[in-house]
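Undergrad: Given next are the chains, with one letter for each unit.
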Amino acid sequence: DVKVTQSSRYLVKRTGEKVFLECVQDMDHENMFWYRQDPGLGLRLIYFSYDVKMKEKGDIPEGYSVSREKKERFSLILESASTNQTSMYLCASSFSAGVANSPLHFGNGTRLTVT
Amino acid sequence: GQNIDQPTEMTATEGAIVQINCTYQTSGFNGLFWYQQHAGEAPTFLSYNVLDGLEEKGRFSSFLSRSKGYSYLLLKELQMKDSASYLCAVLGSWGKLQFGAGTQVVVTP
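Protein sequence lines correspond, in order, to chains G and P. So our numbering is basically just the index in the first sequence, starting at one, shifted up by 239. Residue 49 in our numbering sits at position 62 of the second sequence; the count goes up by one each step and never skips.
Think of the hints as simulated: they come from the structure by calculation, not from any bench. A few of these clues could be false.
[Unchecked claim] To give an idea of the chain P side of the interface with chain G (calculated C-beta under 8 Å), a few residues:
{"id": "1", "residue": "53"}
{"id": "2", "residue": "54"}
{"id": "3", "residue": "79"}
[Unchecked claim] What the simulated footprint calls covered on chain P by chain G, stretch by stretch (three residues with Cβ under 8 Å from a Cβ of chain G suffice, anywhere in the stretch; the number is not a length):
{"id": "4", "stretch": "30 to 37"}
{"id": "5", "stretch": "55 to 63"}
[Claimed, not checked] So these bits of chain G aren't anywhere near chain P, every CB distance computed over 10 Å:
{"id": "6", "residue": "246"}
{"id": "7", "residue": "266"}
{"id": "8", "residue": "308"}
{"id": "9", "residue": "318"}
{"id": "10", "residue": "333"}
{"id": "11", "residue": "344"}
{"id": "12", "residue": "347"}
C-beta: ideal position from N, C-alpha, C; glycine also.
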């Protein structure tokens, strides 16, 4: 089974702090994604990556950056956390952009609270 | 851009059938996924459609009409454990998957 591991289940940070959310997958997947999930809004794509050192903006990249130095690891960075970034963050991976029916495999999520 | 619409909530009784509709407007289309998400858990993959028609997988079936921008997920013989949020997601280019807001299904005894 594919395993997508997010480093923290719960995080509480203060406004203005720099926050790192880490995600590791163990199946050699090419694609990795960061979503945030808010009630009534569903999952919204922040950034994704289809290869090492490659990144693409999703629908809501403002206030976030990402890093993919190794294939198995995809980090989400909040340069200066704000209260409107309080959310559930979900990391996901999939096999290949060229394999259209490759489903996403999700981590268990990190619930971030910014106070 | 993409617009994906599905109902917010549906309620049904145990043993019944429920159909969750999803309509989409997209600039690119490479398939449609349905995911199930229980409260506090990660979404899990249910089904994938890329061609028109019905895909059946046990108690769950999914239908796609590309010309109408329409899909549905059919849940048969509902069980209490089927109470969850069901997410419709459209696959665009470069493996980019975008989700609807989800439909909360409540199964009552």
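Undergrad: The structure should be examined with respect to each hint, and the outcome stated for every one.
TA: Hints, verified against the model:
Because the closest C-beta pair between residue 53 (chain P) and chain G is about 13 Å apart, greater than 8 Å, the hint is violated. Evaluation of the residue 54 (chain P) hint against chain G yields a violated restraint, the C-beta minimum of about 19 Å exceeding 8 Å. Because the beta carbon of residue 79 (chain P) sits about 10 Å from the nearest beta carbon in chain G, more than 8 Å, this interface hint is broken. Counting residues of the stretch 30 to 37 of chain P whose C-beta sits closer than 8 Å to any C-beta of chain G gives 5, which meets the bar of three, so the coverage hint holds.
Closer than 8 Å: that is the beta-carbon criterion, and the stretch 55 to 63 of chain P has 0 residues meeting it against chain G, so the requirement of 3 is violated. For residue 246 (chain G), the requirement that its beta carbon stay farther than 10 Å from each beta carbon of chain P is met, with the minimum near 15 Å. Against the 10 Å criterion, residue 266 (chain G) stays outside the reach of chain P, whose nearest CB is about 14 Å from its own CB. Residue-level check passed: residue 308 (chain G) sits 20 Å from the nearest beta carbon of chain P, beyond 10 Å.
A cut-off of 10 Å between C-beta atoms confirms that residue 318 (chain G) is not in contact with chain P; the least separation is 23 Å. For residue 333 (chain G), the non-interface assignment is contradicted: its Cβ lies about 6 Å from the closest Cβ of chain P, within the 10 Å cut-off. A Cβ of chain P approaches the Cβ of residue 344 (chain G) within 10 Å, the least distance being about 8 Å, so the stated non-interface status is violated. Residue 347 (chain G), annotated as away from the interface, has a beta carbon of chain P within 10 Å; the closest lies near 5 Å.
Hints 1, 2, 3, 5, 10, 11 and 12 from the list above are not met by this structure, while the remaining hints are.
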